[in-house]
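Keeping their order, the protein sequence lines are chains A, B and C. Its first residue numbered 1, the first sequence is counted upward by one per residue in this note's numbering. Its first residue numbered 1, the second sequence is counted upward by one per residue in this note's numbering. Its first residue numbered 1, the third sequence is counted upward by one per residue in this note's numbering.
One or more hints might be untrue.
To be verified - Some, not all, of what chain C presents toward chain A, calculated at C-beta under 10 Å:
{"no.": "1", "residue": "L65"}
{"no.": "2", "residue": "E67"}
{"no.": "3", "residue": "L84"}
{"no.": "4", "residue": "I87"}
{"no.": "5", "residue": "V88"}
{"no.": "6", "residue": "V91"}
{"no.": "7", "residue": "L98"}
{"no.": "8", "residue": "A129"}
{"no.": "9", "residue": "R132"}
{"no.": "10", "residue": "A133"}
{"no.": "11", "residue": "A137"}
None of these hints come from the bench; they were simulated from the model. All C-beta atoms, glycine included, are put in the ideal place defined by N, C-alpha and C.
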Amino acid sequence: MPRRSIHEVLILRVVSKGIFPFVLLFALYVQFHGDFGPGGGFQAGVIFAAGWVLYGLVFGLTELQKALPPRWVEIGTALGVLLYGGIGVWSMFAHGAFLDYNVLDHHSTVHGQHRGVFWVELGVGITVASVMIGIFYGFAGRRRVR
Amino acid sequence: MSEHFPALQVLLPVLTAPLCLLLRHPTLVRVLSLAVTVGCLGISLALMEQAREVGTVVYEFGNWPRPLGIEYAVDTTNAFVLVIVSMIAAVVLPIGCRNSQVPEGREYLFYSAFLLCFGGLLGVAITGDVFNIFVFLEISSLATYILIAMGRDRRAIMAAYSYLIVGTIGATFLLIGIGLLYQMTGTLNIADLAVRLEDVKETRTVIVAFAFAMVGISIKLAVLPLHHWLPNAYTHAPPVVSAFLSATATKVAYYLMLRFIYTILGAGFVFDVLQFDVILTPLSLAAMFIGSLAAIYQTDFKRLLAYSSIAQIGYMTLGLSLNSELGAAAGIVHLFNHALMKGGLFLVAGCVLLRVGSTAIVDMRGLGSRMPLTASALVIAGLGMIGVPGTVGFVSKWALVSAALDQQAWQITVLILLSSLLALVYVWRLIEVMYLTEAPEGAERREAPPLYLIPTWILVLASVYFGFNTESTLGVARAAAHQLLGGAG
Amino acid sequence: MTFLSNVAGLWNYWAVITLMMIGLYIMISRGNLVKKLMGMNIFQVSVIMLYVSMGKVAGGTPPILIEGAEDVAYSNPLPHVLMLTAIVVGVATTAVGLALVVRVKEAYGTVEEDEVVAIDQATDREEAAAARAAEAAHGEGA
Numbered sequence: 001m002p003r004r005s006i007h008e009v010l011i012l013r014v015v016s017k018g019i020f021p022f023v024l025l026f027a028l029y030v031q032f033h034g035d036f037g038p039g040g041g042f043q044a045g046v047i048f049a050a051g052w053v054l055y056g057l058v059f060g061l062t063e064l065q066k067a068l069p070p071r072w073v074e075i076g077t078a079l080g081v082l083l084y085g086g087i088g089v090w091s092m093f094a095h096g097a098f099l100d101y102n103v104l105d106h107h108s109t110v111h112g113q114h115r116g117v118f119w120v121e122l123g124v125g126i127t128v129a130s131v132m133i134g135i136f137y138g139f140a141g142r143r144r145v146r
Numbered sequence: 001m002s003e004h005f006p007a008l009q010v011l012l013p014v015l016t017a018p019l020c021l022l023l024r025h026p027t028l029v030r031v032l033s034l035a036v037t038v039g040c041l042g043i044s045l046a047l048m049e050q051a052r053e054v055g056t057v058v059y060e061f062g063n064w065p066r067p068l069g070i071e072y073a074v075d076t077t078n079a080f081v082l083v084i085v086s087m088i089a090a091v092v093l094p095i096g097c098r099n100s101q102v103p104e105g106r107e108y109l110f111y112s113a114f115l116l117c118f119g120g121l122l123g124v125a126i127t128g129d130v131f132n133i134f135v136f137l138e139i140s141s142l143a144t145y146i147l148i149a150m151g152r153d154r155r156a157i158m159a160a161y162s163y164l165i166v167g168t169i170g171a172t173f174l175l176i177g178i179g180l181l182y183q184m185t186g187t188l189n190i191a192d193l194a195v196r197l198e199d200v201k202e203t204r205t206v207i208v209a210f211a212f213a214m215v216g217i218s219i220k221l222a223v224l225p226l227h228h229w230l231p232n233a234y235t236h237a238p239p240v241v242s243a244f245l246s247a248t249a250t251k252v253a254y255y256l257m258l259r260f261i262y263t264i265l266g267a268g269f270v271f272d273v274l275q276f277d278v279i280l281t282p283l284s285l286a287a288m289f290i291g292s293l294a295a296i297y298q299t300d301f302k303r304l305l306a307y308s309s310i311a312q313i314g315y316m317t318l319g320l321s322l323n324s325e326l327g328a329a330a331g332i333v334h335l336f337n338h339a340l341m342k343g344g345l346f347l348v349a350g351c352v353l354l355r356v357g358s359t360a361i362v363d364m365r366g367l368g369s370r371m372p373l374t375a376s377a378l379v380i381a382g383l384g385m386i387g388v389p390g391t392v393g394f395v396s397k398w399a400l401v402s403a404a405l406d407q408q409a410w411q412i413t414v415l416i417l418l419s420s421l422l423a424l425v426y427v428w429r430l431i432e433v434m435y436l437t438e439a440p441e442g443a444e445r446r447e448a449p450p451l452y453l454i455p456t457w458i459l460v461l462a463s464v465y466f467g468f469n470t471e472s473t474l475g476v477a478r479a480a481a482h483q484l485l486g487g488a489g
Numbered sequence: 001m002t003f004l005s006n007v008a009g010l011w012n013y014w015a016v017i018t019l020m021m022i023g024l025y026i027m028i029s030r031g032n033l034v035k036k037l038m039g040m041n042i043f044q045v046s047v048i049m050l051y052v053s054m055g056k057v058a059g060g061t062p063p064i065l066i067e068g069a070e071d072v073a074y075s076n077p078l079p080h081v082l083m084l085t086a087i088v089v090g091v092a093t094t095a096v097g098l099a100l101v102v103r104v105k106e107a108y109g110t111v112e113e114d115e116v117v118a119i120d121q122a123t124d125r126e127e128a129a130a131a132r133a134a135e136a137a138h139g140e141g142a
């Protein structure tokens, strides 16, 4: 039996296409429910990236980069960090210390904390996901050397 | 605004690094990074002023009170280190990533990595939380590996890899030490650690923690038997990177050693109970001699400088091992002076590499007539390495010798002077090649461009200026040592 | 201090030390650059174990606040949080290390340390020989 490339196996293609949206959905759940249960930006980011890596493994790097250009990944890496830092700078402008969430809401410190954690975790999530996909691009995009 | 300076000191470079990724435009990124390094220099000078006034400037992140949250604490010692790091960064950065393997159009990645390395080093120096030290150390190290691998030669990649393996072992050892200290005290805050360690100091866990932390820091500092990564890394890295790292990375590691010994564990425990100087003194002396001797036999200018760095690190740790205020002050002032001299010399190597195409010493024949400004910069900085009066090198040697004499350590004084003679040998070798041999036939007579010469000469002239105006640097170093050794807590 | 309390009572430290030594030994003894990185990972994991095991409080529950209950011993969550950071640092180090290995393979055609070192030493020797030749030629000219 001739060996087929992973891209030609029908079962893999169908199953991974079916799983793909749910992986991303789960990542979003871990991200945004992280305030109330286990989860958060790190975990969500890795799960999110895992979905894309699965897509890349089954459909090939070219297909993946068509859907998610490397430049976007680079922008995501930077944006996440800047979002995190931006929250800190915002709290400095609101007359608090760096990353002092209490001052982010005028009315209640609880809301301020919630808001701060939400955006900071989102920043972490975006950066972790982008970095993970970026690492995959970096290694998968290299030519094979004999 | 000024109350946010400690946070901004680290935030500016660390947040500009991702901004560079977004902007990408080579000139824009370059101007932005330069503005950030200059801004950081201003902030560090302001912090120094504040620290001299109030003793310790404290910044609590997220307004969480100490020991709960992470705080930045700036006293005279780390303010001085901050000034050194940001000064060197501001001087060398304009040269940028010429002479490296960075492909056209991707220069922004170099600036990103450089700013991360810069921010990480500042973070290590400024933070008042031991775990934070580890995190910033790794941020700066990871950026360092990338910067070293940008060297033109393929040997740069292997040098970066070896440094990565050894550096990771070092950082992880430090992490083990921090973990054991946390286990005994339940705190990560440096000031709080110092208080809580009082009761448990004699336990075996703390002694083991100290050993792990010291080995980890010594790897990063390249104390003699752990120096193996340094020559290859400095030789094959792009000259700007070598200049920056030799002038800052080891300095920050030395600062960590001071902090662990004097602030966290206390000199009484380290030197009287554990007798750390029994190990550190011979190693420092050995570094002074082996480093200088190895430098004499090198055929490559940059490798010669790298080995001379190992010898100079020996002078710094020797100051520390004397266990006195004068000794610590000599070590601290040498941080600054060595940063000026070695930074300048590595930039000279950059000029040579640019025009001659190699840094082999034989290729530098007749450099005195081919590139007079470059060659004379080398001579002046080289005189500093020997310790000729009127240069910063003399200030360091003088401080170190008087610290040794203060303790009646005659043998050490003699050894310091003898090792200076070795420096004379390798500097003379360079002078001989540059001025007393003729240039090879057909050699180009072209001076390095101003872009290279100006930063080089800034460092070289500063090394002469601070050789005469000793009060500014030595005064700060003495104040820092006084504060470290318990003068002000 | 009996043998039992030294070994059984401190079993987590023995596990950590064993892992640590395995990791260090691999880093020192293996010539393959990828295997060295594997050793580095095992070494880092041992430290993560050290921290996580020190966060355990005897009889402690997971550190989630139980409302209204008093006298509850909670395990210490801080070491876990610290290790979350250390894991990220470890991943980043591994990624940079592997990227360097890829470039070593591209530049040298091998990932065996001894072969790379041999190639490097050959280059160094050639450079030294060229330098000597240049010096000799210069001596004749003068």
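Against the structure, the hints:
1. Interface hint status for C:L65: violated, as the beta-carbon distance to the closest one in chain A is roughly 13 Å, over 10 Å.
2. For the restraint placing C:E67 at the interface with chain A, the shortest Cβ-Cβ distance is roughly 15 Å, beyond the 10 Å limit, so the hint is violated.
3. With its C-beta approaching chain A no nearer than about 7 Å, C:L84 sits inside the 10 Å limit, and its interface hint holds.
4. The beta carbon of C:I87 comes within 9 Å of a beta carbon in chain A, closer than 10 Å, and the hint placing it at the interface holds.
5. Contact between C:V88 and chain A, as hinted, is supported at the beta carbon level, the nearest pair being about 7 Å apart and thus within 10 Å.
6. With a least beta-carbon distance of about 9 Å to chain A, the hint placing C:V91 at the interface is held under the 10 Å criterion.
7. With a cut of 10 Å, the hint placing C:L98 at the interface with chain A holds, because the nearest CB-to-CB distance is about 7 Å.
8. The beta carbon of C:A129 comes no nearer than 29 Å to any beta carbon in chain A, farther than 10 Å, and the hint placing it at the interface is violated.
9. Taken as an interface hint, C:R132 does not check out: its beta carbon lies about 34 Å from the nearest beta carbon of chain A, beyond 10 Å.
10. Annotation: C:A133 was flagged as interfacial toward chain A, and the flag is violated, the nearest CB pair being 33 Å apart, outside 10 Å.
11. Against a cut-off of 10 Å between C-beta atoms, the interface hint on C:A137 is violated, since the closest Cβ of chain A lies about 38 Å away.
Comparing the model with each earlier hint shows violations of hints 1, 2, 8, 9, 10, 11; every other hint is respected.
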